[in-house]
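**Q** At position 117 of the sequence shown the residue is numbered 117 (my numbering), and the sequence of numbers has no breaks.
Keep in mind that the hints were calculated from the coordinates and are not lab data. One or more hints might be untrue.
Claimed, not checked - Beta-carbon label-pair distances, calculated as ranges:
no., residue 1, residue 2, range
1, D78, E111, 50 to 56 Å
2, R155, P29, 27 to 33 Å
3, D224, L73, 49 to 55 Å
4, S178, R118, 51 to 57 Å
5, D224, A64, 32 to 38 Å
6, I72, R47, 17 to 23 Å
7, E161, I76, 19 to 25 Å
8, E75, A181, 52 to 58 Å
9, R154, A181, 19 to 25 Å
These numbers come from a predicted model, not from an experiment. Idealized CB from N, CA, C, for every residue including glycine.
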Amino acid sequence: MDRLDTMRLFVRVLERRSFTAAAADLGLPRSTATEAIRRLEEHLGARLLERTTRQVNATQDGEAYYRRCLSILAEIEDAEAAFRNAEPFGLLRIDASTLLTRTFLLPRLPEFLDRYPRIDLQIGQSDRLVDLVREGVDCVIRVGEPPDSGMIMRRLAMIREITCASPAYLERHGTPASPDALDGHQAVGFVSSRTGETLPFEFTVAGNIREVRLPGRVAANNSDTAADLARLGLGLIQA
Numbered sequence: 001m002d003r004l005d006t007m008r009l010f011v012r013v014l015e016r017r018s019f020t021a022a023a024a025d026l027g028l029p030r031s032t033a034t035e036a037i038r039r040l041e042e043h044l045g046a047r048l049l050e051r052t053t054r055q056v057n058a059t060q061d062g063e064a065y066y067r068r069c070l071s072i073l074a075e076i077e078d079a080e081a082a083f084r085n086a087e088p089f090g091l092l093r094i095d096a097s098t099l100l101t102r103t104f105l106l107p108r109l110p111e112f113l114d115r116y117p118r119i120d121l122q123i124g125q126s127d128r129l130v131d132l133v134r135e136g137v138d139c140v141i142r143v144g145e146p147p148d149s150g151m152i153m154r155r156l157a158m159i160r161e162i163t164c165a166s167p168a169y170l171e172r173h174g175t176p177a178s179p180d181a182l183d184g185h186q187a188v189g190f191v192s193s194r195t196g197e198t199l200p201f202e203f204t205v206a207g208n209i210r211e212v213r214l215p216g217r218v219a220a221n222n223s224d225t226a227a228d229l230a231r232l233g234l235g236l237i238q239a
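Could you build all of it, start to finish, from the sequences and the hints given here?
**A** Encoded structure:
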């Protein structure tokens with residue numbers, strides 16, 4: 001097995017979390033796969049994988065090597081495709097919030113599938129912080145400032161958030177015209193998956209970001225649930 005084949009095997013082992021499944025995908029005996037990874041670790045002088053009775057996970061060195069392998073293999077596929085005029089193919093695993101999926105991804109999905117007939121999609125929906133390496137996700141779409149990361153990031157669009165509430169809530173509590181008019185109002189809290197804390201409301205005032213924390217009796221860590229709670233008249237929401 002040459003170096004590139006070993007890289008492909010290593011990537012597949014992490015994606016499948018199993019030597020047996022990865023070997024089956026690539027048409028290899030399991031013993032060949034385990035021996036190839038053992039030799040790779042020996043060659044690099046680093047332990048890349050944590051093996052348990054249930055699954056295989058990457059060590060810190062393994063995650064770094066995984067990212068390098070993905071980049072190298074993608075470059076090779078791009079180079080070969082340029083000469084073959086080949087279409088992109090394979091399984092693309094995406095994770096996005098429910099609201100982003102429903103509002104932006106699903107309406108364009110038929111067009112995407114028509115344009116790339118050899119790509120299969122697997123769409124996960126969550127608002128939590130996703131570990132791309134450990135969970136085998138190819139692409140995560142999120143709103144907001146990204147955390148410091150060694151991952152490749154690209155801004156897709158600017159989305160303006162609005163502060164809103166249900167008609168029933170505004171009828172009971174009034175419609176605030178500015179951040180200064182929020183006294184006495186309640187919020188439907190949104191809990192950050194990164195920190196576990198409820199996020200403050202943010203307003204741009206004279207070019208500066210102003211944070212406002214409002215009291216609230218309900219909070220959620222899912223954007224769809226938070227929107228449903230706001231529709232029930234339980235507080236203001238930013239979305």
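**Q** Each hint needs a verdict: does it hold in this structure or not?
**A** Structure-based check of all given hints:
At roughly 23 Å, the beta carbons of D78 and E111 sit outside the given window of 50 to 56 Å. The hinted range of 27 to 33 Å is not satisfied by R155 and P29, whose Cβ atoms lie roughly 45 Å apart. For D224 and L73, the Cβ-Cβ distance of about 35 Å falls outside the hinted range of 49 to 55 Å, so the restraint is violated. The hinted range of 51 to 57 Å is satisfied by S178 and R118, whose Cβ atoms lie roughly 52 Å apart.
A beta carbon spacing of about 35 Å between D224 and A64 agrees with the range 32 to 38 Å that was offered as a hint. Roughly 21 Å separates the CB atoms of I72 and R47, a value that falls within the hinted 17 to 23 Å. Our hint of 19 to 25 Å for E161 and I76 is violated, since their Cβ atoms are close to 41 Å apart. For E75 and A181, the hinted distance range of 52 to 58 Å is satisfied, since their beta carbons lie about 54 Å from each other.
About 38 Å separates the C-beta atoms of R154 and A181, a value inconsistent with the hinted range of 19 to 25 Å.
Checked against the numbered hints above, the structure breaks hints 1, 2, 3, 7, 9 and satisfies the rest.
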